[in-house]
Amino acid sequence: MQAYIARRLLALIPTLFFASVIVFVTVRLIPGDIIDLMLSSNDISAGKLSRDQLEAALGLDQPMYSQYFRWIGAILIHGDFGKSLWQNAPVAEQLLMRLPITFELGFLALLVALAVAIPIGVYSAIRQDTAGDYIARSFSILMLAVPSFWMGTMVMVFPSIWWGWSPDVKFVHFTQDPLRNLGQMAIPAVILGCALSAVTMRLTRTMMLEVLRQDYVRTAWAKGLDERLVVTRHALRNALIPVVTLIGLQAPLLIGGAVILEQIFVIPGMGLLLLEAVSQRDYPIITGVFLIVGVAVMLINLLVDLSYGVLDPKVRYR
Amino acid sequence: MDSLPEPSTGAPRLAGAPLLQVRDLVTTFRTDRGKVVAVDRVSFDVAAGETVAIVGESGSGKSVTALSILRLIPNPPGRIEQGEVLFEGRDLLKLDDASIRAVRGDSIAMIFQEPMSSLNPALTVGMQVAEPINLHRKRSWTAAFARARDLLSKVSIPDAGSRLGSYPHQFSGGMRQRVMIAMALACDPKLIIADEPTTALDVTVQAQILALLKQLTRESKSALILITHDLGVVARYADRVVVMYGGRIVETAPAADLYAKPRHPYTRGLMASIPRLDGETGSRLVPIEGQPPDLANLPPGCAFAPRCKHVSERCRAALPPLEAVGARHYRACFHDA
Chain E
1 MQAYIARRLL ALIPTLFFAS VIVFVTVRLI PGDIIDLMLS SNDISAGKLS RDQLEAALGL
61 DQPMYSQYFR WIGAILIHGD FGKSLWQNAP VAEQLLMRLP ITFELGFLAL LVALAVAIPI
121 GVYSAIRQDT AGDYIARSFS ILMLAVPSFW MGTMVMVFPS IWWGWSPDVK FVHFTQDPLR
181 NLGQMAIPAV ILGCALSAVT MRLTRTMMLE VLRQDYVRTA WAKGLDERLV VTRHALRNAL
241 IPVVTLIGLQ APLLIGGAVI LEQIFVIPGM GLLLLEAVSQ RDYPIITGVF LIVGVAVMLI
301 NLLVDLSYGV LDPKVRYR
Chain F
1001 MDSLPEPSTG APRLAGAPLL QVRDLVTTFR TDRGKVVAVD RVSFDVAAGE TVAIVGESGS
1061 GKSVTALSIL RLIPNPPGRI EQGEVLFEGR DLLKLDDASI RAVRGDSIAM IFQEPMSSLN
1121 PALTVGMQVA EPINLHRKRS WTAAFARARD LLSKVSIPDA GSRLGSYPHQ FSGGMRQRVM
1181 IAMALACDPK LIIADEPTTA LDVTVQAQIL ALLKQLTRES KSALILITHD LGVVARYADR
1241 VVVMYGGRIV ETAPAADLYA KPRHPYTRGL MASIPRLDGE TGSRLVPIEG QPPDLANLPP
1301 GCAFAPRCKH VSERCRAALP PLEAVGARHY RACFHDA
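Chains as they are written, first to last, in my numbering: chain E, 1 to 318; chain F, 1001 to 1337.
Hints are not guaranteed to be accurate.
[As the list claims (entries may be wrong)] Among chain E residues calculated to face chain F with C-beta under 7 Å, some are:
(1) D80
(2) F103
(3) E104
(4) P147
(5) F149
(6) T219
(7) G224
(8) T232
(9) H234
(10) R237
(11) P313
(12) K314
(13) R316
[Claimed, not checked] Label-pair distances were calculated between CB atoms; the ranges are:
(14) F:N1075 to E:G248: 57 to 67 Å
(15) F:N1075 to E:W163: 24 to 34 Å
(16) E:A6 to F:S1162: 48 to 58 Å
[As the list claims (entries may be wrong)] Counterexamples of contact, computed for chain F against chain E with all Cβ distances above 10 Å:
(17) R1101
(18) A1102
(19) R1104
(20) G1105
(21) P1132
(22) A1211
(23) L1212
(24) G1290
(25) D1294
These are computed hints drawn from the structure, not numbers from a lab. Quick reminder that beta carbons are idealized off the backbone N, C-alpha and C, glycines included.
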């Protein structure tokens, strides 16, 4: 098991190398580079400098490969993600501040997604083709069809028109006031969670239907177990194996969705940071965020693979 | 109901009534091609401690009959339309859900055909054998596991104590069927229904499993319904035989009688199609011509008529009733043979 984890972690290195190269190169290929932005922004200090001087000052005059190796070297050796080209503040500091917020939102959304998807998926399967099943399936299609940014906007707009209510604009950290923080996170987490729950619910339902037809489920009935035990003890565990895979595959969607909802609900997470950085072509921040997101997605998928061993006794890690 | 088979007298009996009485059981399935009557007015008895074999080809309704007894027919598409299944005097078909669950796995246990897929791959063998004990006997898991260990050694699984924590995929097919038997025996059932318990196993293992099943049911004085398509199995293990064709019983008799004097053309055909060591050397095996009946499209008369050598107009027009032709020997045929 340890050997397996160690090997999987080692295998992350080449993947991360390619990911970092792609990220590093593509952000620099976005039309309209930072120099143009700085020169056109009437920045007092920038206004006095020429294009070449600016490039040299930001280290952008070097060939791209040498920029890359300087950047990746600093990360590997000092854990230094460089400095923001605009604020001159360390990127690592920013990431450290923003990361927990986005992960909190993602985690809460995942909890909502599972809390909605698994019970409804199971219910829908054991009451196949009843009214409840149809309602649950319609709900899931609706959630799949309604984009979360639209949902978010509606939640911002209509309650304020009807009841004069609007979400807090001032963000409170979890460590400052957990309850208020959760209150602020709840709405975006529910919106994001419901959007993600649609596919998970449908897969849970399909897998449950499949498993409920298996011979060992008939054996469970023949033993005299009631429906609750047949479902929870004998069927659910076997049905969840592919569902867990899906959750791993949804990790990037979760982070992507968080980026959009952070923007709508003014939550100062990584998403908001990324959005600002992209519009300002703040390369070190963009690459830093992408690198962290990449590592997170890969680690989540490692966790998913490890969870197979818990769910399926046939899986052995060697 | 003068044509019903009487209970066997060769086996010990409860005061008067047999342990299980199946009366006029009708089970249907909804299919794309309309309603299919898989079991049509089937009646038979099983006395306490008796072994009754239900014999027939695939599609003859033997498995559906077995599943109907414990109401394990998936509904939809299946439905038990009419009949009675009297077990110790109670009609199992009229019990509420909780009461039928209390019977399943406790006084009536089932063993299924496919030991590969009939055990849950995600649960340990110990857990699966202990489960009915925990459920029906209200014993703690620790006590139930201790009993499971005894049961596993009873079905000759070596090193039973350490195998409790193993998973089904770590066992061979024969071993898994032993586990299924241990599971069925868990609550000392009065009746075990074994639905083709050896069909999926190697020939060498088949005999071991059947001998084990027979020995254990004899020890525990359990009755056994053995569903099979193998007449060789029937000859060795059954007290009485029920032969099914096209969802109906065509002949029923004590095993020895049936072998000595099969009275239905279908039964005789079955006998002629199996090799016998004591048969005349050089005599050929005779297959039954034609195809098994299409249940969605049964003829109005005898279902076997299209394949029968003795067929007459009467057979095609009307359904022959089950009539006595000897002591506890019944058959459904118009022709004297």
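Hints versus structure:
no., hint, verdict
1, D80, "47 Å, violated"
2, F103, "31 Å, violated"
3, E104, "32 Å, violated"
4, P147, "37 Å, violated"
5, F149, "40 Å, violated"
6, T219, "5 Å, holds"
7, G224, "4 Å, holds"
8, T232, "12 Å, violated"
9, H234, "5 Å, holds"
10, R237, "5 Å, holds"
11, P313, "4 Å, holds"
12, K314, "5 Å, holds"
13, R316, "11 Å, violated"
14, F:N1075 to E:G248: 57 to 67 Å, "37 Å, violated"
15, F:N1075 to E:W163: 24 to 34 Å, "49 Å, violated"
16, E:A6 to F:S1162: 48 to 58 Å, "30 Å, violated"
17, R1101, "5 Å, violated"
18, A1102, "6 Å, violated"
19, R1104, "4 Å, violated"
20, G1105, "4 Å, violated"
21, P1132, "5 Å, violated"
22, A1211, "23 Å, holds"
23, L1212, "19 Å, holds"
24, G1290, "31 Å, holds"
25, D1294, "24 Å, holds"
In this structure, the earlier hints numbered 1, 2, 3, 4, 5, 8, 13, 14, 15, 16, 17, 18, 19, 20 and 21 are contradicted, and the remaining ones agree with it.
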